[in-house]
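Based on the hints, put chains B, C and D in the right spot on chain A.
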Amino acid sequence: MANFEPSIVAFVCNWCSYGGADSAGGQKLAYPANVRLVRVMCSGRIDPEHVVAAFREGADGVMVMGCHPGNCHYRNGNHKTLRRFRLFERMLFQFGIDKDRFMLEWVSAGEGQKFQEVTMAMTERVRNLGPLVISGSVAQEISHA
Amino acid sequence: MSNLIQGKKISIDPITRLEGHGKIEIFLDDAGDVDKAYLQLPDLRGFEKFAEGRPAEEMPQITSRICGVCPGAHHMASTKALDALFNVEPTITARLIREVYYNLHVFEDHILHFYFLGGPDFVVGPNAPKQERNILGVIDKVGVEVGKQVIEIRQRARKLIDQIAGRAIHPVLGLPGGVSKQMTTEIRESLREFSKDAVNFAQFTLKIFDDIVWKNATYRDLLLGDVYRCETYYMGMIDSNGHPDFYDGNIRVVDQKGKEFITFEPKDYASIIAEHVEPWTYVKFPYLRKIGWKGFVDGPNSGMYRVAPTARMNVSETMSTPLAQEQRMVYEKAMGGKIVHSVLANHWARLVEVLNNAERIQQLIEHEAFLAPEIRNMNLGTPTEGVGIVEAPRGTLIHHYTADANGIITSANMIVASLANVAAMSMNIQSAAKAFIHKGNVDDGLLNLVEMAFRTYDPCMSCATHNLPGKMPLQVNLHQTGNATRSILRSSDGTIAETKINKEPNHD
Amino acid sequence: MTEKTTLFLCRCGTNVADFVDLEALEAWAKTNAGVDHVYTHDFLCAPAGKEFIETTLKEQGSKRAVMAACSPKLHLKTFEDCATRVGLNPAQMSMANIREQCAWVTPDKTQATLKARSLIQAALNRSVLQVDLPSQHVECKTDMVVIGGGIAGIEAALQAAEAGRKVTIFEKEISLGGEMIKVEDLAPMSECAPCLLAPRLSAIRENPNITVVSGATVTDVLGFFGQFTVIARKKARFVTDACIGCEACFEPCPVDMQSEFHLGMGTHKAIYTLFPGSVPSAAAIDQEHCLHFQGNECQACIENCPFSAIDFAQKEEIVEVQCGAVIVAIGAEVYTPKDLPRMGLNGKSNVFTYAEFERLTCSNGPTQAKLQMRNGTVPQSIAVLHCAGSLCSDGLSYCSGVCCVNAIMAGEIIRKQIPEAVVYNIHDRIVFPGAEAEHFLQHQIQAGTRMIACKNLEQVKIAEQANGKINVTIPGQEPLCVDMVVLSTGFHLGDKAKQFASILNVELDPHGFFKSDHPILNSTGSVLDGIALAGSCLQPSHAVQSVTMAQAAVGRALSRLVPGRTIELETMISNINPDICAGCKMCISSCPYKAIRFDQEKKSSTINEAICRGCGTCAATCPSNAITARHFTNEQLLAEVKGVLHG
Amino acid sequence: MPKVKAAIYWCSSCGGCDESIVDLGERILAVRELVDFVFWPCAMDPKLSDVEALADGEIVVSLINGAIRTSEQEEMSKLLRRKSQLVVAFGSCACTGGIPALANLKSKASIFDRSYLHSPTNVNPDGVVPMEHSKTAEGYPMELPAFYDTVYQLDDVIDVDYYLPGCSPNGDMVFAALSAILSGKLPPKGSVLLPDVALCQSCDRNATKPETLTITEFKRLIHVQADPTQCFLNQGILCMGPATRSGCGYPCIQGNMPCTGCMGPVGSKDQGARMLSALGGVMEGESEEQIAKALDGIPDPAGTFYRYSMSSSFLGSKRKEVKP
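Protein chains in written order, with the working numbering: chain A, 7 to 151; chain B, 2 to 509; chain C, 967 to 1613; chain D, 201 to 524.
The following block holds chain A by itself, in its conformation from the complex (with noise of 0.2 Å):
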């Protein structure tokens, strides 16, 4: 789907990831602008039904970035999201949504280049899947029943 634009949610924290957004745009590197930022404290707090919601709201593609593991603020909170969206992201497969669709990515503040690049790349993938679509809502199989 070459002329696709997808939306891209990234769930980010405050103290790595939200920093090497930061440090990217200081350096001026471009990345796309479908890429849309939700800052949290601790990768910790994302939570699986947060995602979840963003795939509900219409984002074909869905990032979540938090400190390299052993580096977290607050002690092992990405440790955390490293076994929760492990779990997903197999989850994810079974419900017949491409794996590609979901990112999960640890950025350090002082990453600007790293996060230009995990950003460009997730672009890139989603916009090769095309729009999430998820078919078949109620009204939509109903009226041809």
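Calculated from the structure, these hints are not laboratory results.
Virtual Cβ for every residue (Gly too), placed ideally from N, Cα, C.
Certain hints may be false.
Said to hold, decoys possible - Going by beta-carbon spacing under 8 Å, a handful of chain D positions derived as facing chain B:
1. V231
2. M342
3. P428
Same frame as chain A, but now just chains B, C and D:
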């Protein structure tokens, strides 16, 4: 009733007092007599497909949701399929606990049918007004005292099941190679008391059947008459010494004369049984593969076979317990010999089995291993394929799974008891319709006599289409070509009223 | 009428104005339902900008404001202060990062403007749901806890007590002293460590401000700077404080056991002290070896104790101490290269580590300072191998920096007892800095120490001969055949210490030592504010370095923990709704700071608001959504998601 | 006091919910005094025509169980909604999709293929499959309800007043709910007629669960024998209790098997996300390998976390583009 013209259709939609959703379509010829009748089961859930991907050990609790009236049957068949899948023998204690649980389940399910679902047709009478033909009608007939006893014995049975299997509706005890919970002396004590009362209650119910049904000329004629008779093959599970057994054994099929057609082990079921698909119903019709599907006809060269209580009697010689065997001889003498084709005989055979269940419980709980802690055999093999078969209250129930090395289900196939009887039901319905509908005249007797044709099988439509959700009360639509369908409605107070339905069913 | 939000757009000079069409945004904002007033300004963070914000907020009587400007990490605090000055709660100020995360990274102006609009919409959606967060202050505690009773811990305790603070020392052994108490010839002046420590130990014993908790393992360090709670498990000692260490019970005790203090080369009774003059002075009974605990009726110590200080009924206790700062001085462990075959170290041959050599030459050692071989005879020739197990692929990858001076000292110690002994030092580079060092080295060489240089110490092989002599093959040199070999080994942090790091949440550096907050500016601080590090747990240290670091750590703590000073508690904390909480306890183990406790009566969990740091992990963990993460509630986050997607 | 007209109907269900009403035992007699079941196909003979003959709103309360799988079930639900003042979503299928909703993980085509075409016992050379309009061998026209692509819960198709989850609800829950309805003392519309708290609160094994609950690996019941006194999670056995509503009296746990979550979520609509997130919070494992090994103990997250609530989660409730 005006004289109906050519090409009429009568729809009995839905049929009531059974488990599951059903509809009957009756087509009249020019003269207004019945040409063809079909029993239609209009729903599907797809257990066999969504089982794929589930961990094998979850199947006993998932498949019990195929039927809320006989969840124990699916739970047990599924558990036995897991034993085969993981190639593990359950410990002697586990087997005892399973058999006690399962006999309890069949006991209370049979009682539910006789007193709540199918029985009222008999106990209250086939042409009694509709609002009496239910448990309350039964209670009026047999007396409130007996009614209380019925409710009480069933409640005790279900309390015991709760203690053994966690819960009555959707039990949890089954695991590959064993069960989840060890028995206690208190449970055994209450089982002793219960089984003693259960034996008396079973004999008491057989006496009711004798007084109210067998001694009543009209019912006896229906029992022995031809309207509800069709000569099919019969299938049922028998243990190593030929007694009918609900929990374990091989499957025997006998022909119309009672001669053994074949006895096979559970793992070979797929080479014996095949299923036929019709576009107008979600249910499939199993038949004997070797003889082939010949449509809704009985007789030696039609692969149609039947299961359920009479079938279990026909495939076996004697009962596994003394009192039940006595009652079996009474039944066989009355029904004229060993092989019984009358559909309504199911009611009687079912009550003989109730007595057998009660006695079996008495025997099993006295075994010294019953209270032992060894409730699970933990060395499971790598799963490949497994077939588990039990006799559900309504007949032979087959679960067949394959799984990957990690124990995840890769395929599931289930042949459910009532499935086998659906074809026969259609035949009985058709013969009943033909017997009672002439010149397009419709009367209340027709509706109930037709329904009796299926109720006696105690059919479980949810099982039939494992598959199948609930259903709607009975309503007959007379289809007249060229103009509005006339709908003959049997309302709650039993009166017959006629209304027009403008929705013209297309005939393309 | 729902309370609306005042929107401020910041041009940031040209930084935003050039890339985002602020005029279009201002027009859009005027039509936006959620906005009551919108203003654009050149530099909101400048004094003029702040002035403008405050007057506008006052005039409009706004309840809340969204600042579409730079990163909150930069100026959220600035705008919060503006809010405080006009009587608004800081939580009512939110920001949309339209500079770093929009203008500077989106070259296409239209796209940048659209993105800015969605970020502003998200902030507007969120701001309506933001509730005031009351700020809470609490008085900082000024007492201190020292973990580790070696030279560093002792020094820290004394300095803090000197300033009048209450100090608790937690020591895992049964007495203070650490590694240094085992050394009699402190390099380079061969000062006697026990003699140096004795007056400091008694100072600690006499000082009312200092409490020593020995046989203690610290299990939890909760809270934060100014509000710590340290919890430790104190092993049962079975001897009360009435004991003055008179040793009357030693001799009658029938049980001998291997002494860890003497590195297994000596024994002591089941009732013992580490060394005479230990603090606490009371003896201790070893539960595994004492017959009483194996059902035997033995009462030997009770019968001989003049002070009836034996108490077999003592139980392990939990000790909980509140403090303002924690000084970690748990030291390092000697690295024993026993799994390197080329070292020939098997506890039977006459190959000893330097630590064992020290024990054999120390008056409080197993041989009353008499240097002897396994069979008791006096060695005539001794080889000392430098960098034993250090700077090699299969041992320590670093130089500990403190072992060379010991290796050179060995010659002096040997010759004091065995003047005629021949001492070889097999070395590569010598690490022995300081003006005094060269003089000391030349002095030893003149005294007879034979220096054998070897560029490849990793190839040196040590093997015991049938006759007990030790053969030492040295690449590029003649092989040696000596009576005894001493391995000069380095130091590392043991597993227990690494586990302790995770309890403290202090990071470890790549070599496994505790990591300073900043190697230059705050070397005795840790990443966790209020937890200081001193001594060998940071890096292998000479006594002088340990003492200096201890003094630095205490100095820094004292300068910040001034009595009466208050600390601001975290405002964005979580709280649990007791009506919904089912007491499933899953939030408790998810909390990185152990701030959640289970209330037995109420059968539900509660969060200790003083300890909670507001990370929100428990809110995501709660399976029934009973926990609200203030300022980052599910509703607020969902509102933001809707904003960024539909804005 | 005139008898209250009530109706009980079953959509895509197993009959267990109807059975649970029959299970009220003697209390069914007490209920019969107050209630006139104008429509209960499972146990009584009153007919669809009787329902159509009633005035709108004449039925005081309809207890509808079963999920919505076919067009007929949706039409019946809409009919009953029109005729009833109150509609109660009765049982897990009606509330959150139940076991039938597991089919949402599969496509309609694959379900038909497995049921009617490719199975060890099907003999179907001409590939016949059930159709909405078809003819019998003898040429008579027949109709079947449409089979939807997705299984929906009741409040996806009609407005629901109250919810009574459970697979199936036990006698006490049913009796309490009926009494509340008959007495008119009802909580606000849309609430669940059960306590708003998770199962752990009532479960007697919760006391054995330590505050430092950490799970290093998840053990499947084929690999381990559960200790009948210990909390399952503390034994590393996945129990849905923490993310499941209380009120059932935890019979499965008393049968020494872990809760599978049939009472549906509490405090959120997404039971699966809640449990998954909670497990992430208490699991051990820092490295990818450790975590992967631990997660292998949950081979079927979707089927486990959404065993009865697939229709109430966004991920599981609507058809997806990728047909697994």
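Here is what the structure says about each hint:
1. V231: 12 Å, violated
2. M342: Holds - the Cβ of M342 of chain D comes within 8 Å of chain B, reaching about 4 Å at its closest.
3. P428: At 7 Å from the nearest chain B Cβ, P428 of chain D passes the 8 Å test, so the hint holds.
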